[in-house]
Amino acid sequence: MNNSEFTEGLRGAFPVMASAAPFAVLFGAVAVANGQTVAEATLMSAIVFAGASQLVGIELFGHKVQPWLIVLSVLAVNFRHILYSAALTKYIRHFTLPQKLLGFHLLTDPQFAQSVQRAESRAGLSFAWYMGFGAMIFVPWVMLTAVGALSGRLIGDPKSIGIDVLLPIYFMALVLSFRKTANYLPIVTVSAVTSILAFEFIGSPWHVSIGALAGVILAALLPPAPAKAEAKAQAAEGGA
Amino acid sequence: MNGWFDPNMVALIVVCAIATFATRIGGYLLMNRMSSIPPRLDAALNAVPAAVLTTLVAPAFYAGGIDVKLAMAAALIASIRFSAIPILITGWAVVMICRQYM
Numbered sequence: 001m002n003n004s005e006f007t008e009g010l011r012g013a014f015p016v017m018a019s020a021a022p023f024a025v026l027f028g029a030v031a032v033a034n035g036q037t038v039a040e041a042t043l044m045s046a047i048v049f050a051g052a053s054q055l056v057g058i059e060l061f062g063h064k065v066q067p068w069l070i071v072l073s074v075l076a077v078n079f080r081h082i083l084y085s086a087a088l089t090k091y092i093r094h095f096t097l098p099q100k101l102l103g104f105h106l107l108t109d110p111q112f113a114q115s116v117q118r119a120e121s122r123a124g125l126s127f128a129w130y131m132g133f134g135a136m137i138f139v140p141w142v143m144l145t146a147v148g149a150l151s152g153r154l155i156g157d158p159k160s161i162g163i164d165v166l167l168p169i170y171f172m173a174l175v176l177s178f179r180k181t182a183n184y185l186p187i188v189t190v191s192a193v194t195s196i197l198a199f200e201f202i203g204s205p206w207h208v209s210i211g212a213l214a215g216v217i218l219a220a221l222l223p224p225a226p227a228k229a230e231a232k233a234q235a236a237e238g239g240a
Numbered sequence: 241m242n243g244w245f246d247p248n249m250v251a252l253i254v255v256c257a258i259a260t261f262a263t264r265i266g267g268y269l270l271m272n273r274m275s276s277i278p279p280r281l282d283a284a285l286n287a288v289p290a291a292v293l294t295t296l297v298a299p300a301f302y303a304g305g306i307d308v309k310l311a312m313a314a315a316l317i318a319s320i321r322f323s324a325i326p327i328l329i330t331g332w333a334v335v336m337i338c339r340q341y342m
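Residue numbers (my numbering), protein chains in the order written: chain A, 1 to 240; chain B, 241 to 342.
Excised from the complex, chain A in its bound form:
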């Protein structure tokens, strides 16, 4: 593995880690409050490793919801990863199979967004960078889950210390960083409006999948932006 690529990945994920860390502690605390042991909460963070779905899952467990419904809800929250892995495919063709399997386990929202960005800006995504970025999120996530679980209500209400706004703001910065996407404004507008409507009338967590699908379907229906289409056509001719 290339050391400087790995280090760059670690450094690149630092803001993510800073925004997500309180939620790992929160998850640990909530998990124990809802009947999990410290070991179970830590195991869940390590092998599920998807923050929003973990919180949804443990919340439902606390309400004594049927197990199959818990699994279905986890699937609903995580559905967006299907889109991520599909969109990431063209950038990771050079990974070996074990690298792909490990890579997919680490595939979170920031991991996906920043990987696409790096691949687009540098004409290639290295496994070393991908692992550096992933490790900077995974290791603290698992360790801080244990810390939160051990200390119970260490951080209390996330609102009282203002950390509830960190992730939406981080994701907003990421949305802006993709402004060169073809048909960016129509896609973002449709996804925003649809997700808000779905949030209001259908409910969380379905608004994520519904809003995302609306934006993605719109992108498929719209005519491609002319300049980009030409460049793509030329690239295809050159490559063929």
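Since the hints were derived computationally from the structure, they do not count as laboratory data.
Treat the hints with care, as some may be off.
Unchecked claim - With beta-carbon atoms standing in for the labels, derived distance ranges:
{"id": "1", "chain 1": "A", "residue 1": "GLN99", "chain 2": "B", "residue 2": "GLN340", "range": "45 to 53 Å"}
{"id": "2", "chain 1": "B", "residue 1": "ILE320", "chain 2": "A", "residue 2": "ALA135", "range": "29 to 37 Å"}
{"id": "3", "chain 1": "B", "residue 1": "GLY243", "chain 2": "A", "residue 2": "LYS180", "range": "26 to 34 Å"}
{"id": "4", "chain 1": "A", "residue 1": "VAL139", "chain 2": "B", "residue 2": "PRO247", "range": "26 to 34 Å"}
{"id": "5", "chain 1": "B", "residue 1": "ALA262", "chain 2": "A", "residue 2": "THR96", "range": "32 to 40 Å"}
{"id": "6", "chain 1": "B", "residue 1": "ILE337", "chain 2": "A", "residue 2": "HIS94", "range": "46 to 54 Å"}
{"id": "7", "chain 1": "B", "residue 1": "ILE337", "chain 2": "A", "residue 2": "ASN2", "range": "37 to 45 Å"}
{"id": "8", "chain 1": "A", "residue 1": "ALA135", "chain 2": "B", "residue 2": "ALA262", "range": "22 to 30 Å"}
Each residue gets a CB set at the ideal place from its N, CA and C atoms; glycine is no exception.
Since the structure of chain A is already known, use the hints to place chain B on it.
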């Protein structure tokens, strides 16, 4: 096993982990079956980051109180000039000030 793991809980966690991993590899498995990617599918895939990330932002703004709305607006302005950490600090500072004084 007392104090560490309950078999039923571990089973539930493992099933949730398998379901999650299936979503993380599912799109790749679908794409891998195709020899070439039609242009409209390519356009759809290129829209994934903007489309999905937006759904994590817009409802948070919509459902948030005036404090959250102001914090996100301030962060949006900060994002014209600054990188991730200063943007986060700006939003955090605004929400804390709102909650202190409003």
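Structure-based check of all given hints:
1. Taking the beta carbon of each, GLN99 (chain A) and GLN340 (chain B) are about 48 Å apart, inside 45 to 53 Å as hinted.
2. Between ILE320 (chain B) and ALA135 (chain A), the C-beta spacing of about 31 Å keeps the proposed range 29 to 37 Å intact.
3. Separated by about 53 Å at the C-beta atoms, GLY243 (chain B) and LYS180 (chain A) break the suggested range of 26 to 34 Å.
4. Judged by the Cβ atoms, the range 26 to 34 Å given for VAL139 (chain A) and PRO247 (chain B) holds: they are separated by roughly 27 Å.
5. The hint said 32 to 40 Å for the Cβ distance between ALA262 (chain B) and THR96 (chain A), and at roughly 21 Å that hint is violated.
6. A C-beta distance of roughly 48 Å is found between ILE337 (chain B) and HIS94 (chain A), which places it inside the suggested range of 46 to 54 Å.
7. The given range of 37 to 45 Å is respected by ILE337 (chain B) and ASN2 (chain A), whose C-beta atoms sit roughly 43 Å from each other.
8. Distance hint check: the CB atoms of ALA135 (chain A) and ALA262 (chain B) are about 23 Å apart, consistent with the given range 22 to 30 Å.
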